[in-house]
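**Student:** Single-letter residue listing:
Number of protein chains: 2
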Amino acid sequence: MDAGTTLLDAARELGVEIESPCGGVGVCGKCKIRIEEGNFQKFGIESKMDNLSPLTEEEKEGLGEEEIDNNYRLACRAAIEGDVLIFVPAESRLGEQVILQTGRKREVSIDPIVKNYYLEVPPATLQDQRDDFSRIRDLLAQKYGLEGDIFLDYSVAAALPVTTRRAGWKVTLSIWNGKEIIKISPGLVGNPWGVAIDIGSTTIAAYLCNLRTGETVAKKSMMNPQIVYGEDILSRISYVMTNEEGLARLSDSIAEGINSLLEALVEEAGLTSPEEIVDLVLVGNTVMHHIMLGIDPRYVGRSPFVPAFKYGADFKARDFGIKINAGSYVHWLPLEAGFVGADNVAVLLAEEPHRQDEKMLIVDIGTNGEIVFGNRDKLFSTSCATGPALEGAQIKFGMRAALGAIERVAIDPKTKDPRIKVIGEENWFDAGERSPASGICGSGIIDVCAEMFKTGIIDKTGRFNRQAGAPRVRRGADEKMEYVLCYAEDTAIGKDITITQGDIRAIQLAKSALYCGAEYLQEKFGVTKPDRIVLVGAFGSYINKESAMVMGMVPDCNLEKVQAVGNAAGDGARLALLSRKKREEAGEVAKKVKFVETASEPDFQIRFAEATAFPHRRHKFQSIRHILKQSAHRSGSTSSG
Amino acid sequence: MDAGTTLLDAARELGVEIESPCGGVGVCGKCKIRIEEGNFQKFGIESKMDNLSPLTEEEKEGLGEEEIDNNYRLACRAAIEGDVLIFVPAESRLGEQVILQTGRKREVSIDPIVKNYYLEVPPATLQDQRDDFSRIRDLLAQKYGLEGDIFLDYSVAAALPVTTRRAGWKVTLSIWNGKEIIKISPGLVGNPWGVAIDIGSTTIAAYLCNLRTGETVAKKSMMNPQIVYGEDILSRISYVMTNEEGLARLSDSIAEGINSLLEALVEEAGLTSPEEIVDLVLVGNTVMHHIMLGIDPRYVGRSPFVPAFKYGADFKARDFGIKINAGSYVHWLPLEAGFVGADNVAVLLAEEPHRQDEKMLIVDIGTNGEIVFGNRDKLFSTSCATGPALEGAQIKFGMRAALGAIERVAIDPKTKDPRIKVIGEENWFDAGERSPASGICGSGIIDVCAEMFKTGIIDKTGRFNRQAGAPRVRRGADEKMEYVLCYAEDTAIGKDITITQGDIRAIQLAKSALYCGAEYLQEKFGVTKPDRIVLVGAFGSYINKESAMVMGMVPDCNLEKVQAVGNAAGDGARLALLSRKKREEAGEVAKKVKFVETASEPDFQIRFAEATAFPHRRHKFQSIRHILKQSAHRSGSTSSG
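Protein chains in written order, with my numbering: chain H, 1 to 641; chain E, 1 to 641.
Honestly, I wouldn't trust all of these hints.
Chain copies aren't distinguished; within one or between two, either way the pair holds.
Simulated pairs of lysine-lysine, BS3-like, Cα-Cα distance not exceeding 27 Å [unchecked claim]:
#1 K592 with K143
#2 K143 with K591
#3 K316 with K179
#4 K581 with K179
#5 K594 with K524
#6 K561 with K594
#7 K323 with K170
#8 K480 with K495
#9 K60 with K143
No wet-lab data here; the hints were simulated from the structure.
Turn these sequences into a full structure, and let the hints guide you.
**Tutor:** See the structure below:
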């Protein structure tokens with residue numbers, strides 16, 4: 001290495017990328033490194049053995065006294081004058097693996113599509129009359145090696161002359177995909193901010209991330225404001241079809257919803273305005289995708305169920321009234337099919353079945369269930385009309401996963417009395433204990449069905465078993481059988497919370513749809529069981545995997561190989577926000593997955609009817625027999641994990 | 001060639017491109033060709049000698065009886081079954097040289113950036129669930145060889161599902177640059193429409209062109225509506241600087257102006273709406289460019305006079321309120337420098353000095369004069385502050401080139417009486433004849449100055465010569481000398497129209513600025529005279545080249561090598577509209593031209609003062625001496641050509 005080379009350049013030549021958001025002009029203080037050997041500055045002696053240039057003013061400002069004492073230097077200021085050994089602390093390393101911590105930990109190499117570049121531009125003179133943009137472009141090439149066609153968003157062009165001059169020609173440029181300048185900010189802006197949003201039919205979840213560090217600094221969610229126009233997707237399609245302004249109203253409401261989430265995120269993170277957000281990744285099902293983009297969704301809901309387009313797409317946020325930085329894009333991940341949307345692609349990005357040898361079954365449980373089966377060789381997907389029961393809708397005392405919802409249930413095999421866990425409360429409530437329960441959400445319903453079956457309160461057909469001797473089973477006001485989960489005095493609503501025969505039937509239909517879908521996909525692949533199961537869903541808490549197995553919602557599998565994760569779609573969206581590679585991977589995996597139209601299979605009706613039963617006698621279910629056996633032994637204890 | 005190949009495909013294989021806007025499905029009738037040998041269809045005999053497939057129903061519909069009798073077939077329907085000799089009529093050939101007829105004829109190969117593609121798309125089925133876009137993209141590749149990344153403008157994505165299905169999957173796509181679908185129209189739309197606009201400080205001129213044939217089908221012009229905010233560029237810059245909403249007001253007014261021109265063009269051409277326009281090319285000076293794009297122009301008018309950006313740019317029309325097709329772009333040609341704008345690049349595109357060996361001097365006369373000198377080796381440009389006199393402003397009876405403006409003047413060398421030509425009137429008016437004259441425009445002022453000098457009414461310094469014996473020279477009300485061009489009773493304004501000493505001075509300053517600019521550029525190039533001169537300007541009529549020479553507005557040159565053309569900027573804009581190659585050429589030539597800041601040359605003031613004189617004694621002006629001599633011989637005849 002030549003003497004006089006800065007440590008920053010030297011490290012780069014050796015292939016070690018050190019953080020330098022200011023581009024190496026000594027103003028950001030991010031390129032701190034520690035000298036292990038060859039530095040004697042700290043003794044204040046000009047020694048012959050001193051192998052580095054003297055400490056600069058910028059370093060005295062940018063480093064604390066303690067750091068200077070500990071041999072820290074700024075890599076962009078310290079020049080090599082002999083042999084040195086340096087240590088680059090993790091926070092100064094660029095492009096490191098950063099761990100995304102949510103439901104599960106996921107690793108990603110930070111390489112966002114929008115990056116910030118700080119420049120100190122030489123002002124124009126009569127001798128150098130290059131236009132503002134050319135002097136920026138030339139410097140980008142020189143300092144950052146950014147070559148090729150670079151152009152300006154019109155909003156940046158408009159801001160260019162005034163912003164550069166007011167900032168004394170010290171500006172930060174946010175550049176999209178190495179080719180379009182989408183924002184110009186005065187001075188040094190080290191952190192570009194991005195947001196990932198999962199637009200569910202019911203809930204919108206948003207994550208604000210630092211695009212430099214990968215850190216998620218704020219999370220917010222809200223009810224999808226479209227819900228006033230229809231609970232589920234089909235009713236929203238029908239609203240579009242029956243109201244002239246329907247599509248515009250739905251599109252506007254989602255844009256407003258997103259804008260208010262952005263405001264909330266920015267406030268939580270202490271940023272000044274959503275205009276600081278330079279990138280936005282969106283995922284959601286196909287109908288949410290279409291409506292948000294102003295595309296009539298009616299044909300998605302009608303045979304042959306095809307979307308307008310599937311490829312991952314970048315559109316200017318301003319064209320949809322999304323109020324982030326004026327020049328920024330929104331990126332929609334690709335779709336798979338009419339009923340398997342960008343949210344499922346995000347799930348695949350997070351779970352990566354296409355990178356595994358193990359054959360994975362991924363079940364995303366919602367009003368519409370999406371199932372993927374396969375591994376690196378082949379991937380198949382389908383969608384199942386589960387209905388809203390698994391989300392707590394169309395259940396007598398069903399409710400969304402909100403405060404007061406019963407999210408877990410365990411039934412004592414002897415007394416047949418339930419214990420419940422309620423959202424917002426840390427401890428379980430025993431039978432007869434006063435609780436703030438006001439209804440039951442999806443994960444609770446799945447639990448209670450599984451527990452009633454395990455304890456014999458219902459039989460394998462789902463019918464109440466009068467021989468079970470369960471005091472809480474009774475005839476309801478409508479003369480139909482029901483199980484009392486909480487008596488009126490133990491609830492927040494002053495009414496008995498019951499599980500009716502109808503509720504059980506609704507759950508049976510839903511789980512049968514999922515089960516059949518999985519079975520067809522396995523057959524397409526050419527196997528009879530998965531190596532691994534992942535249960536995905538934006539439930540209040542994670543679904544209890546044992547209950548799901550007991551119900552026969554998924555095929556038999558070693559219980560240790562079954563995982564329930566939270567909102568994997570949100571995780572996948574964040575991965576796509578933080579990594580260009582992941583965005584490319586999304587396109588590839590979306591193409592790889594083959595959509596299977598299971599409902600048109602000739603034996604679908606028969607299989608579906610069969611699969612509504614609880615599966616304790618079906619020899620296929622090794623794992624369930626095991627669970628049931630264990631459960632019989634653990635009499636009196638709670639059986640949910 | 002294989003038997004069964006259509007003539008369309010066969011011709012394509014042989015490198016002959018035949019028109020087929022419908023993509024060869026027999027519906028547009030544009031691929032008519034004539035069979036010279038090998039066709040016996042017309043006799044209605046199935047002969048062994050018949051070397052073409054039988055006449056189809058589409059051909060019976062698409063061709064007239066006469067055409068069928070004359071051996072015409074549709075190339076897309078007629079298949080080869082043996083040897084044939086065909087003739088492709090000019091109107092069926094694609095990519096032919098088309099002549100653009102304006103001031104001068106210019107040839108261009110039609111290859112617009114937006115082209116139309118007609119498709120008959122197979123509808124989706126449960127067996128083929130490709131999304132709408134994929135089935136279009138696949139067909140584009142298959143039928144038109146359009147490969148690579150193609151994507152959708154969001155407005156097209158939004159229209160896609162409904163438009164395709166309502167049109168029975170027969171649609172025309174307008175594709176920008178082979179990669180972005182910017183419009184989808186039901187059925188076959190053979191002609192894409194484009195507009196070229198030259199935004200002058202004073203006048204906006206617009207041309208509506210058929211992008212398939214290259215034909216200009218309508219022209220319109222209007223006063224630049226910004227004029228209420230300031231007559232010239234500097235006063236508009238000052239309006240921006242002194243009014244908070246100034247920039248927005250100026251930008252809006254130009255957008256409104258453009259929109260009203262578009263409406264007028266569309267009406268004239270009989271189109272239904274400006275939304276049929278799929279492409280728009282804009283040229284104009286740097287300040288017009290900046291204001292239209294919402295860029296603060298103040299730094300363009302202030303040393304060191306640099307623009308925000310110079311490269312040729314594509315922006316979505318909608319971002320500026322320009323109401324053409326929602327997905328379409330506006331393309332601004334590149335700028336050269338702060339005071340040499342996209343209009344000058346357009347002039348270069350039209351005049352092509354960069355393709356000549358001859359050293360050309362191009363003088364674009366306006367409030368700001370732009371001069372280019374050079375040839376294929378080197379090109380230099382500069383801008384000269386001519387002031388508005390050459391456009392008729394700041395002249396006592398000056399007016400714009402509009403109805404009633406005196407546009408030509410000839411003075412009898414004996415009687416010193418003028419003859420005038422007035423805009424809107426075909427014939428010249430003699431002195432003392434009643435005319436609708438209400439003032440004098442730029443070309444008229446140049447004429448009258450040259451004629452007064454030629455006839456000795458003024459001397460070489462521009463002063464009135466009392467010895468000339470001109471009865472129309474008198475002292476005005478202000479006691480200053482003036483020449484009466486029309487007496488009150490011969491005008492439409494009831495006032496004497498005079499040319500004052502002040503008017504002559506203003507013209508002298510303007511022409512001196514142009515002359516000096518040209519001289520400096522010649523010196524930069526290393527020569528003392530041009531091989532050729534082109535006078536450009538949006539005058540009412542073309543400037544009289546002899547008058548310009550006599551005045552000393554341009555350097556000496558063989559008069560046969562001097563041309564006055566009209567709005568070459570408008571021509572250049574149209575060329576860029578019709579040809580991708582010309583658009584690329586614009587970028588290259590804009591980079592090639594080196595801007596010279598003449599006003600900062602040390603001897604500028606001295607040269608400028610010298611050049612204000614009329615040049616009859618300066619030995620450099622061979623051509624002028626010749627003109628003056630001729631003029632003396634032709635006593636009594638009009639001397640303007």
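**Student:** Indicate, hint by hint, whether the structure satisfies it.
**Tutor:** Cross-check of the supplied hints:
| no. | hint | result |
| --- | --- | --- |
| 1 | K592 with K143 | between (40 Å within a copy, 26 Å between copies) |
| 2 | K143 with K591 | between (38 Å within a copy, 23 Å between copies) |
| 3 | K316 with K179 | both (15 Å within a copy, 17 Å between copies) |
| 4 | K581 with K179 | both (17 Å within a copy, 23 Å between copies) |
| 5 | K594 with K524 | within (10 Å within a copy, 67 Å between copies) |
| 6 | K561 with K594 | within (24 Å within a copy, 71 Å between copies) |
| 7 | K323 with K170 | within (26 Å within a copy, 37 Å between copies) |
| 8 | K480 with K495 | within (17 Å within a copy, 106 Å between copies) |
| 9 | K60 with K143 | within (24 Å within a copy, 67 Å between copies) |
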